[in-house]
Amino acid sequence: MIGVVEEDLLGQSWRRDKVEAFIKLKGDDPSAPSVRISRRVASIIDETIEAHSGVETGGVLIGRFNESTNSFHVVDLIRAPSDSKFTATLFSLGTAGLAERIAEYVDRSHGTLYPIGTWHNHLSDSAASRTDLATGVQLAFGQRFPAVILIRTPSVFHGLVVEAADAEDTNEPAVMIARISEEEA
Numbered sequence: 207m208i209g210v211v212e213e214d215l216l217g218q219s220w221r222r223d224k225v226e227a228f229i230k231l232k233g234d235d236p237s238a239p240s241v242r243i244s245r246r247v248a249s250i251i252d253e254t255i256e257a258h259s260g261v262e263t264g265g266v267l268i269g270r271f272n273e274s275t276n277s278f279h280v281v282d283l284i285r286a287p288s289d290s291k292f293t294a295t296l297f298s299l300g301t302a303g304l305a306e307r308i309a310e311y312v313d314r315s316h317g318t319l320y321p322i323g324t325w326h327n328h329l330s331d332s333a334a335s336r337t338d339l340a341t342g343v344q345l346a347f348g349q350r351f352p353a354v355i356l357i358r359t360p361s362v363f364h365g366l367v368v369e370a371a372d373a374e375d376t377n378e379p380a381v382m383i384a385r386i387s388e389e390e391a
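Everything in the sequence shown is counted per the numbering used here, starting at 207 for the first residue and increasing by one.
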């Protein structure tokens, strides 16, 4: 239910909107955050992949991380900037105008939605690559909460959740990495 205040501020009406169940991904470790992707975002990802057939493509995931439930909620995305690189074996997210687009999005949502990671596709049903792991490490040190590297293959969503952490035995920073995979329907 969504409440809408009338223009004269004296009345209120209610509207019912159906929200389809989110696609759920869980970690290979019980302590790993779960990831929930809205069906709308999943459809946009699939349409983007179809429009770029034969190459990897991707973008930025928008949503929230809920520390209480240890879960991500992906509700939107920002498409790849024009300087991104698309090949059959690699997607490299460009930066042209990206910071401005992110800032505009965060401002428009009053900080309630923000970038939580990236997504890209693989042309075959393959695991996260070394490049994916390296990207995860960069993201982990770039923010104060875990980050998602979402991978869409021809058959499923899977990926990584990465988080910077202090190593227990040294003063060296460390990165915790958990694999995530789509739950059976």
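You may find that some hints are simply not true.
Straight-line alpha carbon distances no greater than 25 Å define the calculated SDA-like cross-link-like pairs of lysine to any residue that follow [stated by the list, open to error]:
(1) LYS230 x MET207
(2) LYS230 x GLU273
(3) LYS232 x GLY303
(4) LYS232 x SER244
(5) LYS230 x VAL211
(6) LYS230 x ASP252
(7) LYS230 x GLU390
(8) LYS291 x MET207
(9) LYS230 x PHE351
(10) LYS224 x ASP282
(11) LYS230 x LEU215
(12) LYS230 x GLU389
(13) LYS291 x SER277
(14) LYS224 x VAL247
(15) LYS232 x ASN327
(16) LYS230 x GLY303
(17) LYS232 x ALA384
Per label pair, the in silico range of CB-to-CB distance [as the list claims (entries may be wrong)]:
(18) SER298 x PHE351: 23 to 29 Å
(19) LEU296 x VAL362: 29 to 35 Å
(20) GLY348 x SER288: 18 to 24 Å
(21) GLU212 x GLY303: 33 to 39 Å
(22) SER274 x ALA371: 18 to 24 Å
(23) GLY317 x THR295: 32 to 38 Å
(24) SER298 x GLU212: 27 to 33 Å
(25) LYS224 x ILE250: 16 to 22 Å
(26) ARG245 x MET382: 28 to 34 Å
(27) LEU216 x ASN276: 21 to 27 Å
(28) GLY317 x GLY260: 21 to 27 Å
By construction, these hints were calculated from the structure, which means they are not laboratory data.
Glycine included, C-beta positions come from ideal geometry on N, C-alpha and C.
How the hints compare with the structure:
{"no.": "1", "hint": "LYS230 x MET207", "result": "holds (23 Å)"}
{"no.": "2", "hint": "LYS230 x GLU273", "result": "holds (17 Å)"}
{"no.": "3", "hint": "LYS232 x GLY303", "result": "violated (33 Å)"}
{"no.": "4", "hint": "LYS232 x SER244", "result": "holds (15 Å)"}
{"no.": "5", "hint": "LYS230 x VAL211", "result": "violated (33 Å)"}
{"no.": "6", "hint": "LYS230 x ASP252", "result": "holds (16 Å)"}
{"no.": "7", "hint": "LYS230 x GLU390", "result": "holds (9 Å)"}
{"no.": "8", "hint": "LYS291 x MET207", "result": "violated (42 Å)"}
{"no.": "9", "hint": "LYS230 x PHE351", "result": "holds (20 Å)"}
{"no.": "10", "hint": "LYS224 x ASP282", "result": "holds (17 Å)"}
{"no.": "11", "hint": "LYS230 x LEU215", "result": "violated (39 Å)"}
{"no.": "12", "hint": "LYS230 x GLU389", "result": "holds (6 Å)"}
{"no.": "13", "hint": "LYS291 x SER277", "result": "violated (30 Å)"}
{"no.": "14", "hint": "LYS224 x VAL247", "result": "holds (15 Å)"}
{"no.": "15", "hint": "LYS232 x ASN327", "result": "holds (18 Å)"}
{"no.": "16", "hint": "LYS230 x GLY303", "result": "violated (31 Å)"}
{"no.": "17", "hint": "LYS232 x ALA384", "result": "holds (10 Å)"}
{"no.": "18", "hint": "SER298 x PHE351: 23 to 29 Å", "result": "holds (24 Å)"}
{"no.": "19", "hint": "LEU296 x VAL362: 29 to 35 Å", "result": "violated (20 Å)"}
{"no.": "20", "hint": "GLY348 x SER288: 18 to 24 Å", "result": "holds (22 Å)"}
{"no.": "21", "hint": "GLU212 x GLY303: 33 to 39 Å", "result": "holds (38 Å)"}
{"no.": "22", "hint": "SER274 x ALA371: 18 to 24 Å", "result": "holds (19 Å)"}
{"no.": "23", "hint": "GLY317 x THR295: 32 to 38 Å", "result": "holds (37 Å)"}
{"no.": "24", "hint": "SER298 x GLU212: 27 to 33 Å", "result": "violated (49 Å)"}
{"no.": "25", "hint": "LYS224 x ILE250: 16 to 22 Å", "result": "holds (18 Å)"}
{"no.": "26", "hint": "ARG245 x MET382: 28 to 34 Å", "result": "holds (29 Å)"}
{"no.": "27", "hint": "LEU216 x ASN276: 21 to 27 Å", "result": "violated (42 Å)"}
{"no.": "28", "hint": "GLY317 x GLY260: 21 to 27 Å", "result": "violated (38 Å)"}
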